[in-house]
Each structure stands twice: as structure tokens, then as C-alpha cells.
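> Chains as they are written, first to last, in our numbering: chain F, 1 to 390; chain V, 1001 to 1103; chain D, 2001 to 2403; chain B, 3001 to 3163; chain S, 4001 to 4215; chain X, 5001 to 5126; chain U, 6001 to 6209; chain W, 7001 to 7217.
No lab work stands behind these hints: they were computed from the structure.
Remember, predicted model here, so these are calculated numbers, not experimental data.
C-beta atoms are modelled at their ideal positions from N, C-alpha and C, and glycine is treated no differently.
Please note that a few of the clues may not be correct.
[Unchecked claim] Computed list of lysine-lysine pairs in DSBU-like fashion (alpha-carbon distance at most 30 Å, straight line):
#1 F/Lys-319 to U/Lys-6070
#2 U/Lys-6008 to F/Lys-312
#3 F/Lys-319 to F/Lys-292
#4 S/Lys-4111 to F/Lys-254
[Said to hold, decoys possible] From the derived model, a few chain B residues whose C-beta atoms are all more than 12 Å from chain D:
#5 Val-3015
#6 Val-3066
#7 Leu-3070
#8 Phe-3097
#9 Arg-3132
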Amino acid sequence: MSTSMEASTPAAHQGFADATMIDHESDLLQISLGPHHPSTHGVFRMDVVLDGERVVKLKPVFGYLHRNHEKIAESTTYLASIPYTDRLDYMCSLSNNWAYALSVEKLAGLQVPERAEYIRVIAAELTRLQNHASTIGFLMQEMGASGTPLMYAFREREKILDLFEALTGSRMMCNYMRFGGCRVDLPAGWLDQARKTVDEYPRFLDEFESLLASNEILLARTQGVGVLPPKLAIQGGVTGPILRASGVNYDIRKVDRYGIYERFDFKVPLGEHGDVYDRYMIRMLEMRESLKILDQALHQITPGPIIDPKAKIRGFRPKPGEAYGRIESPKGELGFYLISDGTPNPYRYRVRPPSLINLTVLEDMCLGSSLADTVVIFGTIDIVLGEVDR
Amino acid sequence: MTPLSSCLMLSALLFSVGFAGVLMRRNAILILIGIELMLNAANLNFIAFWRYGSAPEALTGVMFVIFSIGVAAAEAAVGLALIISIYRHRKTTQIDRINSMRG
Amino acid sequence: MTALAYNSLHHASPQAADQIFLIVQHWIVSHAPAGLQSLLAILLSVVAIVGGFGLLFAITTILERKGLGRIQNRYGPNRVGFFGSLQPIADAIKSLTKEDIVPQTADKLVHLLAPILLVLAAFSVYAVLPVGRNMVLVNLDAGVLFFFAIGSVTEVAVFMAGWSSRNKYSLLGAMRAIAQMISYEVPLILSSLTVIMATGSLSTVTIVEKQAGFSRILPHWFLFTPWGFAGFVLFMIAATAESNRSPFDLPEGESEIIAGYYIEYSGFKFALFFLGEYLGMFAISGLAITLFLGGWNAPLPFLTWVPSYLWFFAKLLTLIVAFIWVRGTLPRLRMDQLMNFAWKFMLPMALLNLITAAVWHFMPSGPVRWLVSIVLVVVPYTLLGRNQMHKSHLEKRVYRFAE
Amino acid sequence: MLFTIFAALTIAGAVAAISLRNLVHSVLSLILAFAGLAAVYLLLGAQFIGFAQILVYVGAVAILIVFTILLTRNDGTFGTSSQASWNLGALIVIAVFGTLAWTIHSSAALQHALPPQPEATMQQIGTALMVRFALPLEVIGLLLTAALIGAATIALHEKQERP
Amino acid sequence: MNLEEIKSTLEAAIPGCSPQIVTNGSPSGQHSLLLDREHAFVAAMFLRDDPTLCLDYCSNVTGLDWLDTETSEKVKVTQLVDGVEKEVDEVRKTRTPGYLEAVYHLYSMQKKHGPLVVRLRTENRTDSVHLPSFTPIWRSAEFQEREVFDLFGIIFDGHPDLRRILMWDEFEDHPMRKDYVEPDDYEYEPTPHDAVLKKALEHRNRISTPDGQGA
Amino acid sequence: MNSLFIDTYRPIAILMIAAVGFAVTPLLLAWLWSKKFSPRKPGAVKNATYECGLESKGDAWVQFRSEYYIYAIVFLVFDVEAIFLLPFAVAFSSLTVGASLAMLVFLMLLVEGLIWAWQKGVLTWA
Amino acid sequence: MLGEGIAKGLIETARNFLGSYVNKDRLTTVQYPEQRLPQAEATRDFPFLVYDGEDWQAGLRCVGCQICEKECPPKCIFIEKSTDKKPDAVGKPQFYPAVFNIDISVCMSCQICVEVCPFDAIKMDTAFELSTVDRFGGLLWDKARLAKPNQHYHHVHPTEAAEVDGRLAEERAKADAKAKAAAEAKTSAPPPAAPPAAPPANSGVSSTS
Amino acid sequence: MDQQLKIELSQQGIFATTMEELYNWGRKNSVWPLTFGLACCAIEMIATTMARYDLARFGAEVFRPSPRQADLMIVAGTVTKKMAPQVVRLYNQMPEPKYVIAMGACAISGGPFKQGYSVLKGIDRYIPVDVHIPGCPPRPEALIDAFITLQKKIDAQALTGEARPRHLRDDTPSEFPVPTYGAHDLQPAKNPTLWHITTNATSPKPLPTGTDESGRD
Ligand code: SF4
Ligand code: SF4
Ligand code: SF4
């Protein structure tokens, strides 16, 4: 047992404080990447100690976007937190909505009508598409491509955002799902538009692939870089595409079968090497799987009610108790832990952010690689600061 | 017009400056700089004598300088590698300190 | 010796168009007092070079921004002036009136001198660049050597900028820049040696003149020989690295070290770095044109009536567009890959190419010579390329899917 | 006239190089000295040597020295030697310079008229190098290879020693 | 394995360990296991390494703050009133001291089951706020425990790097505690909403009392 | 001699002066502008070193641990080699095969050094 | 072979470059100030108060019930209820908001106020060109700035507005029926006089540029 | 010169003739933003530079990662108290003339996260903001609109005289004090010389605390 303890102790024991100044006898250089740095996806900061260009120590510093989300949620009603969940992982507001709605439904024992479930799946998978596309775009940006892949990714993202806007009224902050269903029904013509977008999406994926997938520079930059062994991934609580790139078959859509995911025929792509390239490719492949799901969902969806008639908009007070609900958000396991004390406000409202926990293994992946790799490895973790710091 | 002697004078001056660097500074890198200066002074002499010498078309002076540059480069490469190597062990580039820490 | 040869002035029309600048220059100079004539002639040429390439810089910035825009499915600057054509002027005015910040801890003098030295080095090399028939400032006997020698001063300027800012990122950027520039300088020189072997001269003018003429419709450019083609490719790769362009833009690698060695420069000093980099790019492209693409020579026999300088600038623009295109496509290399590529691919290829050129020279012309040369180029390319790919285990992968 | 300017530049650079406190400034002044010297070479008609001087000394040797400086830390104490040895050094230098200057001055025989510009085209240098100086060339090649291997060995040694 | 079984397995495997089951009233039915502080670490290790449980993945770690509560209940007491035994209603106030709680949601990636909710409680909210850290067992707890430390003030013994994570190092309070008072910076409020007004007023009152802040 | 020198290099010198002028004039203009209209306002924070928005910690002029210098050494050697190759290349067309072979030997010597360095991993980064 | 993938990438970008001159899909830019994307019907930005009829003060549907104020997540609505009553759209005497301010510098466009309002009085607008140089003047919207006619509602969200109107008409019909019944029961009292109309002043605190 | 005339002139190729106009013209057409994003709004800011909206059309796509080379700071997102000193420092490190666009509710006032302990209630407490864009997040078009507003503002600025903007005067500061981390809050909690309420919206219910200094620390 002691050996396993040793194996599981974090790589670096001491805090960073003892290395903040440059040790005069060593040749190490300490620099801080961020909080204002072009490739830290916002206000993330890494304190890095370099030996030449090799990273020997890396400590993430958080909190630059700590927006007291949980505190606000505890002092307001259940309903009022939905728009705040939009702003958690602001690339994927609909997934966040779903995770929160799912947790509240668990807490209060609400049922979701079938049509609403379909809409949720469609919304979540569209979200996954645009998230993965922009993640890859940003990743390429970090690798120094001067904007082109990102632009292409955002070109497609805009099409999906148009769908979101038509459905929910907002491009990013959708505030769409409600406890026991969804806020409004699909507008006329939306399904056709969505089908069109989904049908055209593979074209973009192909374009992306021919632009990048076999590019020697990309291969050289990504293969064998930032390897995450599966054991460490599980240890570190890593979820989402990163985990699967390391070869661990764990997709909450398959494990929990929440919503109506069991109705769809889709597969979970798994990587073998757990390196940057695998993480990139897994996202590409997941997009193709999402397209499959979307294709099925868009054709299976039938008319019906979109919200549980028992669900209340105002004066919603679940019975005392607690619940933890989770979904497979594009970034990993997004969970909400709620405690109700019978009042209109939750007693405890906790977000389990995939981005934060996926960062646990950042240092392990980066040690020994160069500064440039660090940025790229960081890019493949796909974090959103709103969720990391909340 | 440039008389040969001015060239030689310049060369002598350069040599002395380099020499002063070698003698009066203790930093190994500065000493190397001094040596480079002295070598350059010698090169200048070659060129001057080639230019004003009796058989410039033989190109001997020029050839010498070319080779001298080669030698100087080799010297600089090895010298600087040595300095870095010594520095890694002694953490200084001061000659006397390197000496005193020998052992 | 000097560029101001007026020999072809009295020829008729096509030449007149070709030599229009010289004629104008001659005309202006002839009005000056005798003692100042040669000086004035030089001054006019210098002004033409500085102004011309300064203008080209402005054009290129807007071209690049618009070109990248088009690659990325958007317009790019199109509001300022006609189709955004005045954008560079606005940028210049802005830069001029911007506050100039010198960091407190910086080495102020060196900080000031660095951009000036960079521009100085960048402009100086144009002295030996023949931009048209009889249009070269000085036809140096050791022109190409002059080019490389002055070019290497750029490294010093970059180092001065990075070091004097006293910023970790800038110093890292400067170190990267120097390491990269020195690593690619060797293949750069070696790949141009093939041309020098063929022409027996370091004079840029002679090199261009040797490429005049056509066999049937193929011009006698060195590009159209196996070793010349390989040399050109190597030269262009090295040139991209020398001018810090994508995918070799590590010294400015925005995603890692923010803005590289000029991170602390503001106002017009920063603009000067931009200028210096672009000038360097033009100059090295100009050298590539001189060495491999026949300089000012027309590409097709029936196009020889087009003035020579137009050909030069057309070729230059083509290369610039290629640079932009590449920048719009490729991600950046990593430092170690960059260095490995320089030393383990570029250098051996360049050395082998020398041998190819020698073999080409010593063999009688004919298809056998072509065959041997091509083999000498292609085989090492494949092997070294394979080695580059293999060493880092690059491959296409297949993925497994779980239910 | 021009000679004086270049000479002054060279000497100023050289003096600055050995006397400045900041090593990087030293190297920058050294570059100035090299450049001045290159100009003198050009003035003397040795075009190839002049440019080679810039290419090798400014472009490579100086850069190498810069790397060395950046790779070593220089504690503030790198001044000159102690006063006594400084005096001694100054004395020796003055003596050496005096001797040299006197020698140059006294050998009036050298003051002969300027010969015509010798031809030193690249062609000639190349031919001379390959024909008459082929052996020294090989020797230099050997030397450079040895230097490369030697320096790299030292460096490699360092590299393998790294933690 | 259901919660009862896990409880008995734990009791059997670790002498002295006495886990309690905390029931949960909501329809989610996620009941939890309360571990005692002394044996928590070993028990957690067991949970991870036991081949049938194999809870190799610690998904969520969070803190809870339970304030001191006062419950008053009416009890009938027999009292001598005027020499006669009578049943009298009496209001009895019981003051339950508050405590901090750390909650862990454990899953198994290998066996794909879960969650097992594990809770740990501190003795009180003020001075005895130590709990064993599970970071050596599940690294995913590293940042989350730091966060709990930062926001709730639970000190995790054995955590490799227990520093503030979200707030700056100079910060002294634990903002997620229920009695935390926010800094008063509503200087400008164009239309002070009733709730805001109330908050500001409350705030004024609270900071005028000396112990208005968290630990 | 001087006149020849002047003939050859005066254009270059003038070009260089023009280049410096090209660089300095705008700087001067900018300086004048700031004198006349837009005063420069240095400040402690403003002129501090930029470091991702944080206060800069430690000096940047520290010793770098890097392997660049190995490449610099190799570069120096090859740069000198280029100095020998240039005259050779110029004279190449008039040389005999034998002389070329001499150069080949010279090249081979250096290539040998390169191969040695390659084999030993000197050229392998980090 | 080395360079293959790079060539593929170059071809892809070239295709996009050239395509941008012929293919709309490869030049997706909408030149904003002159060209605009068609707005989705559901688009929302900031709330406005709906009024019926011509007179914005009289026709304001809002009754100042303050539900939205309570439910607004970031608490950016500020309402003061009137002390007197005036007839609402249906004609029933109701309270009205004496002050109704929304601080749009705080509003998160979440639409919750719209959802919770039982009177269909507050709806989401779609205007977004609201940038202002005036922090303290331009971003606090009062009743006058917020009030927009029902036609505007129809303009921005036609389907939804039609639905709402239908519902309201139904309610009104019901109320009318009830009123009639009441009137029949208790022979009539004169209808209350409408307060004097004032034009919707778009001035005051609100100024956008 | 009125707008119409100017447009006409520019169409004929005659450009602003006076120095002031040239200056303003140059400044407004070459506004390089700092690569600087804080939260959700930053994504919309990025979207603005992307193909669909293409901020580059206005010559403003040159996002510079170093504040030394930037003209415009788009505060796009929530400024937390932990981040505020960095934002102020970055602003300080930009050379004059520099502009600030506060994009989104958070940057203007703390927005949805106003009610809490860790979010700064508006970046204008520490640095002067030129243009405010309400919205959460503002649409990309709204950012472009704000950009045009900024251009107009620049265009209206005088080069000399009393009306000249802040950066042209020598009696106004170009850097502002950077707050430090305190035990409970940022210190100072605001910059009183910069930040004062000029509202004419009289608040019906004044805050009980008034506008005096915060009672803590
Ligand atoms: S849209 Fe949301 S934030 Fe805005 S006023 Fe309505 S409820 Fe409040
Ligand atoms: S808008 Fe609606 S909810 Fe708000 S006060 Fe008016 S009537 Fe009530
Ligand atoms: S204003 Fe809204 S979208 Fe913008 S940063 Fe704040 S919460 Fe995010």
C-alpha cells in the first residue's frame, strides 16, 4: 500500500513559493506565462521554471477569473442560476444548462418530456461541435498558424451560433433549458436549418483535415508531445476527450446514459498514445460521432410538449436533500452538486468543473518539454477560465 | 595617402590595446577579446605588408590572413567552449578565482 | 564598375523603356555642376532604392493583411482609402505620434541603436542587388559575399534589441532569433555557392547576365537545373528562416514569448523593426531572384520587351505572395525541430548539392547528366526526409472505437 | 583622411572593448573595432578580406562571445586587476607599444612609394588557394575539424552532465 | 454493492472504523457515508484499492458550511406546580454546534459505477478545522481541496501544497462560509434595489459588531 | 588607391547614410511631435519591464542555460569553411578536377566533423 | 515524403483564397455597418416595456408588481410602485410603476424578467448599437427610455407578439364579459378618465450615440 | 469640416489637410488592440475579428500581444479583484495615446457578478474608459459599433487648445495607481481622482452608506 501511495503523490511537493526568486547558484529562469499572455485562453497563469527552454517546474495559478458564481447561486433562486451557468464554460452554455437542469431534476425528481430530451441532445451535440472546432482552432493558433484554422473553425461556429440564436435568442448565453424541459419550442424551420448545417459540416472537417492532419509540422509538433499515461489520467480525475485520448473508455454519455443517449448509435473514439496529436484527433473524431448523433436525433424528433407541466418557473422549492448530477460536456465531466434546505435558494451549489480538474495533470505533461510545447499541451486541455475559476 | 607606417602604427596600437586587455583584465572572456584584438592586429600587418610589399600579386599576405581567420575561429571556438566549461564547474569567469579554486 | 553605366542610353524604344530610370537620372545629372554630377547620380539611385523599397514595404503590409484576409474568408482592411490602400499611411502616422516608451531598466543607448542598425543593415544589402538592367548601385566584385556579410550584422541588431530591453521574453526571443539565423545562414551560403560555382563570379550583375538567354523557350535560369532547383528550395527555406517568417517565426512566437525581441519597443521604433524585417525579406528574395530566377531577365523569349526592372519586381512580388501564402497556412516549428532541420537536413542537403553542382559541371551535357543530377538530389532528399520523419516517429494513426 | 577615421574607430572600439564594465557593451564595442578594421582592409584594397572579416568576426565570433557572456553569470566584481598588477600591466603595455612604435618609426625604409593597386580578385584568390595553398587548406580543414570536435566534446560533456 | 454493504466491509476491513450512513431526502437517493477523521484516510485508500469497489476516480470534492443551529422544540415535562405534578409545555432550546464538511464523490472508471458519496466533518467551524487530505489517494482532489481550503477554511492535513487557490494570498477570509461579509463597495448604485439596500444596511450593521467575519 | 576605394564604396556609404536617415528621421519627427504636442509621460509602472501584466520578478539579465552555444560553435566553424569555399567556388570553373578534389577533401574533413557531432548527439537539441 | 502534408495544406488555403473571389461561402464577411445579417426572431438584447395605444404612459402594461425586480438574477431592475392607481390596458384600475429603471450596464440579457412577468409587460428588444462614451448617463434607462409601443414588439418578434396579443385579447374579452356582467348587475359607473398623454420622451438620462 | 464634405473630399482623393485632421485620421484608422481577453466577452471579441465580422476592415486586426505596441485595450470580460492590478498595470504600460473600450456588463459595472466578493464593480474605477458597450456579451456588431464610436470620438479630438484630450496635456497623468491586494479587498477600492459619479439620474433611495470610503481595512 505504501508503494501505491508514493506513486500517487503529486510530482512536485513543495509549493512554488520557494522558487519564486531565481536561485543564484542554479541556472534556472523563472517566467510567468500569464495572466496576460496570448495563449493562456484568458487570464490563466502558469509560473514556469525553465532550464534553457526546458520546463522543470510548472505551477498553475488560478483565480484571476473567480467570479463568486457559487456564492451568488446560493443567494438566489434556482431559476436565476441558469443564466449564470451559461457563463461558466462560456463556449458551451447549452451543455452547462443541461448539467444544471439535470441536477435539479434529480434533486426535485422531475421528468423531462421526450421532445425536450431530443432538443437537449441536439443542443448539446451542436455545442460539442462548435467547442471542439474552436478548440482545435485555438490549438493551431498556439502552434503558430496565423489564424487560418481558427478562422475556419469560427466560420463554422458562426453557423451553429446562428442556430442557437434562432432557438434561444442569444449567440452564446443561451439560458435555454429549464427544470423539466426547455424554455421554448423550436421555431419554425429550425430543424431544416439544423439539418442543413449538420449535413454541410463534414465538408469543413475534411477541409480541416487536409489543411492540417498530415501536415509535417503539425505532426512533428504534436506526436509524442505531452504524453498522458492512462493511469495518471485516472488518478488525476481527468475526463473528456483528454481521458479518452489516453485510451480510457469513459464517456458519461455511455456510462450514465443520461437523457436519451442510449437511443443513439455512436461510438467512442479512443487514443493510444495519449499525446497532443491523439487529443487533437480524438476531438476530430468525436465531431464526426456527434454528427452521427445529430443526424439521428434530427430525424427522430417528434412533436410534443417541451416541459414537464409539474415544473414551476416561479416559487420553485425542492424538498430538502442533495443531488449530484453530471453530464459529458465537451470538456469532460461537468457536474453540479446541489443541496436544498427547502427554501427557494439552494443551500449549497457546487460546480464540478472539468477544466479545473483536467489541469491537475498539466505539470506532469509539461515537465521536460519546451516552452513551446507547454503552450500547445495547455491548449489541448481545452480549458475555459470561467469554469476553472468560476 | 596612407603610408605603410600608419598602418603598422595602427596595428601596433591595436596590438597594445589587446595586450593591455589580456594583462589588465581578469575576466576570461575579456582576455579572449584581447587575444582576438591582437590577432586582428597581426592580420592588419599582413594586409599592410601585402599591399605595400614587393610582390602583391603573389597574394601571400591575403592568404595568410584567410588562414589566420580560420585559426582565430578555431581558437575562439575552443576557447569559449572552455570558458563555459570552466564556468559550469567554478561558477565564475574570473581567471584568478578559477586559479584559486583549483583543486 | 559602377552602376551608372549609360551605355545603352542611345538605343531606341524597348531599351528606352527599359532604361527609363537611367535616362531620367542622366538627364537630371547633366543639369548639375560638373563636380557634383557623380555624387548626384549616386544620390538619385540611393533615393530610388530607399524610396522604392520603402514603398514596397508599405504595399506589402497591406497586401499581406488583405491576402491573409482572403485566405481566411474575409476582406481584410478595406476602409481606409481606396480598398484600404491608405492603411499603411494611417499606420505610419499613428506610429509617428505614438509615445515612445523606453523601459527604466533598459540599456537606453543600445535600445535606441538596435532598430537603426537593423534598418541600416537591411538597406545596405540593396547596394548590390540588381533590380534591372544596369540598375545596381555598385557592382561589387564580391557582391554576394557583401550581401552575406552585411546580412550577418542583422543578428547583432536583433541581439542588441533583445538584450537591451532587459526583459526575459525579449532576451529569450533574441537568443532564439540568433540561434535560428546562424543555423540557417550556413545552408543559405552553401546553397548559393552552387550558383557561384556555375558562374565563377560573386558579382550579382555577372550572375544575372549569365542567366540571360533561352534554350528554345526555357530560360537559362539556374532554377531549371536539378542542383539549381534544389538550391533554390533550400535557399528559400533558409531565407524564410533568416527573415523570421512563418513557419520559422519563433523569435516572435506570439503564443510562447509574446512578441519576442522587440517586446518592449513602442512607437516608431517598433515600426522600424517591422520595416527592417520586411526589408530583409525583400532583400533575400531579391538575392534568390538574382541567383536562381534569372534576376531581371524575362521568363519567356517573346517577353523580353518588357522592361527588366518590371520583371524583377514581378518576381519579387511572386515570392512575397508565396511568403504570405505560407504564413497563412503553416503552424510554427518548435525550436529543437528548427535546429534539427537546419543541421540535419538543410546542411547535408546543401553540401550534397555542392557536389551535384560539381558533377553537373564536370559531366558532358546530355540526358545522362540530368539523370545523375536528379538522382543526386532526390535520393538524399528522400533519405534525409525519411530520417527527419522517422526520428520523431511521425506517422498517420488509426484509432479504435469503443461502443 | 578616411584612414584616420577608420583607425580612430578601430582603436576607440578596441579600447572600449577592453575597458567597459559591462561585458555586452564590450562585445558591442569589439564589433565596432572589427567593423573599423574591415573598413581599413577595404581601404587597403583587400575586398575579400574586408567582407570576410565582417562575416566571420562580426557575424560569428562576436555572436559566439555574446552567447558565452549570456551563458555565464558575471558577478559585479569583474573589474580590473589589483592596483599593483594594473600598474605593472600598464607598464608592460607601454613598453611593448613603445618598442613597436620605435621600430616602425625607425625603419624608414618602409616608407617607399605606394605600389599600384594589386589585383586580388576573387578568381585569383580562389586559384591561389586551390593551387598554391592546397596543403595549408587541408591543414586548416583539419584544424577546424579538430576545433569542432574539441569544442563539441567539451560542450557535450556539459550536456551529459546536466541533471 | 450498496451502502450498507460498503459500510460493513469497511468496518470489517479496518478495525476501529465506524462509518455512518447519512440519508438523503431528495428523490435522487444519493445517500452518503460519513467517515470518522481518524480512519478516513485508510478507509479511502481501501475504497480505492478494493477490487470489487475499485473507486479509482474521485470526481468531485467540495466543502459545506453548517452554521450553528438553534432548534427549539416543545416538550412536555412533568413539573411540580404548586405541589401537583402537571404536564407543562416547555420550550427547550438545543444549540447544535456547526461544523464544516468535505464531500467527495467517488466513481469507478474501471467498473463504471458510482457515485459513492463520502463525507468528512470537522469538529467545529472555528478552531478545529482539520481533516485528512485525500490528495495522496486521488490526485484529482488536489486543486479541489485547495479550493475548499481557500473558500471554506478546512485545513487538509497531508495535502502537498495547501495554499489559497482562487483568492490572493493576502486575503484573510473564507468567502464561501455562510457568515462571510462581503467588502462594502457599493458606493455607486444608480438605483439601489431593495435587496441591495438591505444588503448594504445589513453589512453596515454587521461590521460594526466586532466578530462579524468568518474565522 | 583612395579614389578607387571611394569610387567603389561611396555609393554604399551614401546608401548607408540614407538608411540611417530613413530610420532616424521619423524618430526625430516623433520626438519633435512629442515635444510640441504630445508630452511623454514616463512613470514607474509604465516604464517597468513588461511581464504578462505582473510585476517583473528578478532581472532578465541572468545567465541563460541553453544549448544554443553549441550550435554557435558549429556555425563558426562552418562560417569559416564558407570563407574558404567562396574563392573556391569562384575559381571552380577554371580549376582542374584535382584541385576540386582537394576541396572535396577539405569538405570531407568538415563533413566528418559534422557527422561525428551528429552521431554524438551534439546537434540534437536538449 | 516530407512536404506532402504541407503541400496539401497550401492547396487548401489557395482554394480558399481563390474561392473568396467567387464563392460566397468562402467570403463570409458581412460588412457590418452597411450590411446586416437578418436577425433571428428570437434574438434578445435588453428588455423594454410594452405599451398599448398611443400614449406611452397610459398604455404601459406594467403594473409595478415587482416580480421581475425580485427575479432578475443580477438585480438590475429598480421599481417603485405608485401609490395611486390608473386603468391598465384592460381598463382595470391598477398600480403602475412610478419609477422603473433598468441598469443595462448590469443587465445580462437573460430574459428572466420576461418569463416571470405575469402581465406580458416586459419584453426583449433587439437593439444592440448602444455603445456610449457616457458611463453614468447613457446606461441607466428609465421608464421613458424603456417604453416602446406594441407595434415595436410586433416588429421585432412578430410571431411571439401575435401570440401574446391573442392571449391578451382573450383575457380582455373575458374581463369585458365579467365587467359587463358586473355592470349589468350594478348599473354602470362612468369609465375612469385617462390621464393626459405625453409623448414618449427619449431624452432625459438616456442618451446613446 | 463637416462629415458630408469630408466624405466628399475623401472620395475625390483629397484628404484631410490640417495637421489635426491628419493626426486624427491616422490614429483612428490604425487602432491596434491589445491581445487581451478576460472572460466570455473575449470570445465575442475574437468572433469580431473572425471572418464573419472582420474587424480588420477597419485596420484594427493587428492584435499586439505586447502593451507597448497597442493602442486600444478592449476590456472584454469580468475584471476580478485579483486581476484588476494586472489590468491597470497593462494599461499603464501602454504608450499614449491609448484608449479603453469596456466591453460587456462585467467590465462596465461588474455586471451579473456584481453582487459578490471577488468582482470589481467596473474597470472605470481604476482606468479611464472611452467607450462602454452594454450587453452580456455584446454582439460582435456591437463591438464594431463601439469601435466606430471610438473612431468618432478620436475624430472629434482637438490637437491644441484647452479642449485637447488627456494624452496631449502634460498636467494629466498617463498612468494610474495600481491597487494592491488587501486582507479583505483591493486597496484602494477605487481611485477617487479618476472615479466620481457624474450621474444626473438622481437616485430616489440613496445608499445608507453614502459614498464615503469603505469602512473596512
Ligand atoms: S434580462 Fe435578465 S438581467 Fe436583464 S433585466 Fe431582465 S431579468 Fe434582469
Ligand atoms: S414588468 Fe411585469 S413583472 Fe415587472 S413589475 Fe411590471 S408587471 Fe410586474
Ligand atoms: S458581460 Fe456577460 S458575457 Fe461579458 S464577461 Fe461578463 S458575464 Fe461574460
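> Does the structure keep U/Lys-6008 and F/Lys-312 at a Cα separation of 30 Å or less?
violated, 56 Å
> Can we trust that B/Val-3066 is non-interface, i.e. its beta-carbon lies farther than 12 Å from all of chain D?
Not fine: 6 Å to the nearest Cβ puts B/Val-3066 too close to chain D.
> Is F/Lys-319 close enough to U/Lys-6070, meaning Cα to Cα at most 30 Å?
holds, 22 Å
> If we take the beta carbon of B/Val-3015, is the closest beta carbon in chain D still more than 12 Å away?
holds, 17 Å
> Is the nearest CB of chain D more than 12 Å from the CB of B/Leu-3070?
Check fails; 7 Å does not lie beyond 12 Å.
> Is it the case that B/Phe-3097 keeps its Cβ farther than 12 Å from each residue Cβ in chain D?
holds, 30 Å
> F/Lys-319 and F/Lys-292: Cα distance at most 30 Å?
Outside the cut-off at roughly 39 Å; violated.
> When you look at the beta carbon of B/Arg-3132, is every beta carbon of chain D farther off than 12 Å?
holds, 19 Å
> Is the hinted pair S/Lys-4111 and F/Lys-254 satisfied, with a Cα-Cα distance of at most 30 Å?
Holds, at about 13 Å.
In the structure shown, a violation is registered for the earlier hints numbered 2, 3, 6, 7, in ascending order.
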